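Engineer: Going by my numbering, the sequence shown wraps up at 278, each residue one higher than the last.
Bear in mind the hints are in silico, worked out from the structure with no lab data behind them.
If you're wondering where the values come from, they're calculated on a predicted model, not measured in any experiment.
Heads up, some of the hints might be wrong.
[Unchecked claim] Have a look at the derived ranges for each label pair, beta carbon to beta carbon:
{"no.": "1", "residue 1": "Asp269", "residue 2": "Ser246", "range": "17 to 23 Å"}
{"no.": "2", "residue 1": "Ser248", "residue 2": "Val268", "range": "29 to 35 Å"}
{"no.": "3", "residue 1": "Pro265", "residue 2": "Glu239", "range": "18 to 24 Å"}
{"no.": "4", "residue 1": "Leu275", "residue 2": "Leu247", "range": "15 to 21 Å"}
{"no.": "5", "residue 1": "Lys264", "residue 2": "Asn241", "range": "25 to 31 Å"}
Glycine residues also receive a C-beta, built at the ideal position from the N, C-alpha and C atoms.
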Amino acid sequence: MKKIWDCPLAHKRLLVEANYPTISLSRQCNLLDLARSSWYYKPVEVDLCKLYLMNL
């Protein structure tokens with residue numbers, strides 16, 4: 223059986239339920255070995271113009 227900490231970060235984030243009644247968000251993250259900041263993180267989309275300039 224594969225351990226939960228071998229899961230990719232994206233899968234761990236999907237396992238956390240923000241409104242779970244009996245286990246706090248902090249505890250869920252701790253059980254999954256996931257930093258709470260990783261759960262709150264929202265990726266920023268890169269502007270195509272900036273991407274073009276970076277590749278020059």
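Engineer: Sort out which numbered hints this structure fails and list those numbers smallest first.
Structural biologist: Result: hints 1, 4, 5 break, sorted rising.
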